[in-house]
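As they're listed, the protein sequences go chains A and B. Each position in the first sequence, counted from 1, maps to that position plus 1 in this note's numbering. Each position in the second sequence, counted from 1, maps to that position plus 1183 in this note's numbering.
Just to be clear, a hint being listed does not mean it is correct.
Unchecked claim - Only pairs whose alpha carbons sit at most 25 Å apart, straight line, appear in this in silico PhoX-like list of lysine-lysine:
{"#": "1", "chain 1": "B", "residue 1": "K1592", "chain 2": "B", "residue 2": "K2140"}
{"#": "2", "chain 1": "A", "residue 1": "K143", "chain 2": "A", "residue 2": "K36"}
{"#": "3", "chain 1": "B", "residue 1": "K2140", "chain 2": "A", "residue 2": "K127"}
{"#": "4", "chain 1": "B", "residue 1": "K1822", "chain 2": "A", "residue 2": "K143"}
{"#": "5", "chain 1": "A", "residue 1": "K85", "chain 2": "A", "residue 2": "K126"}
{"#": "6", "chain 1": "A", "residue 1": "K127", "chain 2": "A", "residue 2": "K197"}
{"#": "7", "chain 1": "B", "residue 1": "K2119", "chain 2": "A", "residue 2": "K126"}
{"#": "8", "chain 1": "A", "residue 1": "K120", "chain 2": "A", "residue 2": "K85"}
{"#": "9", "chain 1": "A", "residue 1": "K120", "chain 2": "A", "residue 2": "K143"}
{"#": "10", "chain 1": "B", "residue 1": "K2106", "chain 2": "B", "residue 2": "K2119"}
{"#": "11", "chain 1": "B", "residue 1": "K1463", "chain 2": "B", "residue 2": "K1482"}
{"#": "12", "chain 1": "A", "residue 1": "K120", "chain 2": "B", "residue 2": "K1822"}
Because the hints were derived from the structure by calculation, they are not lab data.
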Amino acid sequence: MLNNDIIDVKGVHKTYDTGKVKVHALRGVDLNIEKGEMVAVMGPSGCGKTTLLNCLSGIDSIDEGEIFVKGNHIPKMSDKERTKFRAEEMGFVFQAFNLLPVLSVVENVELPLLVSGVKQSTARKKAEEILEMVNLADQRSKRPAELSGGQQQRVAVARSLVNEPAIVWGDEPTGNLDSETAMGIMEILRRLNKEKGQTFVLVTHAAEVGDLTDRIIRMRDGVIEN
Amino acid sequence: MEDLKALLMPLLVIFIISAVILTVSALRNKVMFKMGARNVPRRLANTVLTCLGLMFAAMIFSASFATGDTLNHSIRGLSAEYLGKVDIMVMPEGVDFGVLQGHAFTGTEMTNYFDEAESDNVRDSLAELMDTGIVEGVAPAIIENVPAVGPSRLTELSVTLLGFDHQHREGFDPLVDDRGQELSLEELENLGKGHIYINMDLAEALEIGINDQIDIFLSQAGTPLTVAGIYETGGNPSTFSFDAGATAVMALSQLQALRGSGEINYVIISNQGGAIEGAKHTDAVMEVLESALEGTGLKAEPVKQDALDEADEGGAEFSTIFLVLGSFSMIAGILLIFLIFVMLAAERKQELGIARAIGTQRGHIIRLFTFEGVIYALIASAVGAGLGLLISWGGIQALASAFKEMGFKLEFDFTGSGLIISYLMGVLFTLFIVVISAWRVSNLNIICAIKDIPEPPRKDEQSIKLRIKNDLGLKGLLFFVLFVIVLGGVSVQISSQSIGLSANLIVMVPWLIWGRGFIFLQILWAILRKIGSIGFVFLGLLLIARGIQATEWSIYSIGMSLMIIGLCMLARKWPLRLPDRPAYTLAGIGLVIFWLSPVDWHPKGEEMGAGFEMFILTGVMLVMGSVWVIMYNSDLLLKAIMAIFGRMRSITPMIKTAVSYPMSSRFRTGMAVAMFSLIIFTLVYMSSMIASFNGLLDDTDRVTGGFDIRSTVSFTNPITDIEMELQGSDGVNFDDFQAIGSSNIIPTKMRDASGTSEEIPAATQSGNLNDATPEEEWTDLFLEGVDTGYTQNVNYDFELMTADYSSKEEVWEALSKDSSLAVVSTAIVPTKYAQMGGDEIDLVIGEGLFVVEDEVLPDNIFIEVQTYGMIPETRKLQVIGVVDGMALYSGLVTASQETVNGLAGNGNLIPPNSYRFKVKPEKADKVSQLANSLEKHFAENGMNAVVMSEEVKDFSKIQNMFLNLMIAFMALGLIVGIAALGVIAARSVVERRQQVGMLRAIGFQQSMIQFTFLLESSFVAFLGILLGVGLGVATAILFMGEADIEGLKVIIPWDRIAMIVVLTYLASLFTTFMPAYQAARIYPAEALRYE
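Modelling step: build the complete structure from the supplied sequences, incorporating the hints.
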């Protein structure tokens, strides 16, 4: 592993067994991503993009291969260790935003901090700061349902960054948004990537999203093409 | 219960009609039926929980019926045991068979003996019925209760001595020994004087066998008799008592010789059929006897039928008590059924939306849910009815041991009809709620359902006018008429009894299923929404006025509640335009304040009457009000919780999510909280009531009147002068007693003569019974006459006294000096509160002139007392006091011994048969010994001495056991709340799958997810439990504080409440454990892919 690589993946295989059929989702993936890099993973539906992201972030297991994130061998970690690692080092942005509808905007954003054991008042302060960065400070008391799609995704972005993670994973972060709003979100992500030097791995279908990243990794049938 | 059981046929008819309608509907809508049916096995855990919730109605019905049936069966068994084949008894007027057997009027014209020839007259009059075989036996008999003493001085104080004639034994039970051999009465007669058959109970009690000698006391001198045989069965009729085991039989002629008279005191009659079946000919035989006995001074008593009627009444009372107590569980059950179906609909929102989008009508959706609900109802009610039996069986086993100590065999029993009714009631009741729920869930916005987003505020889709014109039509109007009839029936039933309500509501089910009913309901609903709040206020005002006029708490309270709700809802409209939150909060607070307000805050509050329905109403309204306040102010609660627990960093995120979820689902959380709090409320209130009233029994002196021992003696051998006998006695030290009071009793007819202080005209003083004013019916009651030993020492206080007296001592003194005065028990005076359970006494004196809750007894309260016999004596007694309700040992009507003797006429003295002893304080530890010594010393008089404090303790023990059983029965309702939590938790796991995946992604450990779900259920459970405890305690303090019962201290049994809280919480934790576990095991990658 090169010193500057934050993610180092070798020969990763993943098969889904539904009982009747086996789906070979990843067929020996090798990949390196440098610290501070913003990468887009692209490819047709069913090529294994989301599976790769899930395996790299440790929310899914692999059958074979090695995944090192910040030098930690993810597959060898227990569920508990992986979860703790995610809480401290990772942030997530999903296509469906996945905000908790019963919590207000600021409460959603501060949640990862509270999970990591940060004091309530500190968490609230940090959450408000990050909301400021995504231009949502004035919406902090609202519930997600009261916001537009773009605003909700900005909340999700704020939530993913609030604990200052080393890596932010985005699974179709602009998938549910119109192109203008999508570009707005990408600009924010790009800006934060540059300002904070965090690594972004984004799974996307959209070419214009890919164009805004440092590098595009193309996948087909469970393997990386380039 | 017989009334309830008469429901069988109507229920069956409704069931069949509903079944036909549903079947036709299913055949016409096969797809909907298939969809409904296939939903049942879709999620097994959900189906189980749903059935658990739906089985409640059937369970409560069947447990209540089986409990009643058991009591009925056991009392019937007991009557068969002590009456045997005897169905009817002929005896002099004024005599009862039973408690006061052998009342000694010998020597007066009031004797209860009569010529043996009357027996032949009775037989002659029944000749025709005997020929047809309807009457199997008519026999002369002497039946007396006598003391018996064995050779080793062992004593049996109460032996039923029977004198039978061997020539007239046909049709009655033969005397059979333990080897199955019949003992011949003829042989006994042939043995000559001085021989007796005794039963095994007596033989065991006296430890004697055949040829041993016993002494029986028909008079002061004992009669030595030789035991010629011991029988196991056949000594009937014996007098009723739980442990009336000891009987003995002599030849009639020899018993007559012993008495020195050829008279008899009964003619016994046996009808065709066994011990129970014989009763069915009672009416036919009684009709003949009544005309035959007219003018003879004799009467016929249908003893068997009376006993069976009593059994039926007792059983019915039991069933009713349990049904009423179960009503809380049923209300909670309704909420659960509703919740379950709303949640099922929420779960299937998208598919329902799609179904509607492709052309499925609302009616189809209603049918779809109804079909599914019917399947659940059919299964759940069967399980419920069975479980109800099991619960009843368990309860009976618990009670049986206590009753066994009293000698009463409680045998579990249930009738097929009870079980079928329970099942049908369960199915139809559930079906009704299901249909209503289905109607509500069918009302969905298609787009919102497909997108799974919240429903927008609803607007009336069509104008009311248009709906009536287009949808209702002529058929609808016909249904409207039916609806009005049914609703009319319902409102009549509401005013009479709650059970009828559900029965009547069930009638509406077929109509609703047919579908037309919904259109009408929708229109009705739209009209209500239009006039809603103003209508509420208007209706409220009407009910308030009616309640005050009729001095009825329930009507007034419902009116006030409607007005409070109506006013708050009205405030939401122009010009105030109050938002929902303050409107509902105000309504909730208003309800809580109103229902917890003291009586004297309200006009005529002190005068208003109330029954058990107020308890149910109070519970429901308080819970509703409080739940509104909590649910509409959930953010404040959340802030408060976070302020308390927010500092505990490790659990902060979990608490936040666990509390936020339920607080944002107002409907389901509100329902679950309401279910818990409703049941906990009843448990806490009932427990507090029991604890507080038990506290009253702790004041033994108040219950016993300050006496320590009570005793009764045989009528056949009374004590001439107890003080003299004790002074000269070796066994008992007279000086140990501080006071001895005695009382005599006389059977009389009584009636209310209040409202006038005029003397009874001289003509009727010894006039005939027929002179009685026809308006007031006579009631058979005993008049108790007490001596000065009693009046000077008793410390019973009075609920009410006339203005002439200022202390209890003055009342008792006046009673002893003036033979025209009487004091009465609270059981025969009017009260503004409805009584529940207990024996109803027909006589109520001074109705309309006063109630026991008043301050002073008016001076125009009179009671007219008349003796039996050919020349009855009549007295009009002024009631000068109503004895304290806790005076358990005081008679219903008490006068002086002179009054009783005066009524006996011709200077006859009726000897005392009951004594009370006050032991000197320094001898207090010897009370039990003294009671034993008294029994021994007066064994020949049949003295039965009881230590009163011990008796009170035993009474309290049995009463507690029964009340605890009732509480346990009510606690069953908690299963509803617990099931609701389970349903909610299971649903939440499905609903929040993706969110759980996200939480896991951002760092929630598995254990944290599980803890969050458990915490969430715990929060709802605790909210409900604490609310229930709070409301229950508050109501207990308020109601019992106002109860106006002297010495009643409100005792809150915190230990028991803590137990209820802990057990309920643990049970709810147990139910939510599985869903929480499943939530924790959600695989994040899969959950996040779930879209």
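Numbers of the earlier hints that this structure fails to satisfy, in rising order = 2, 3 and 7
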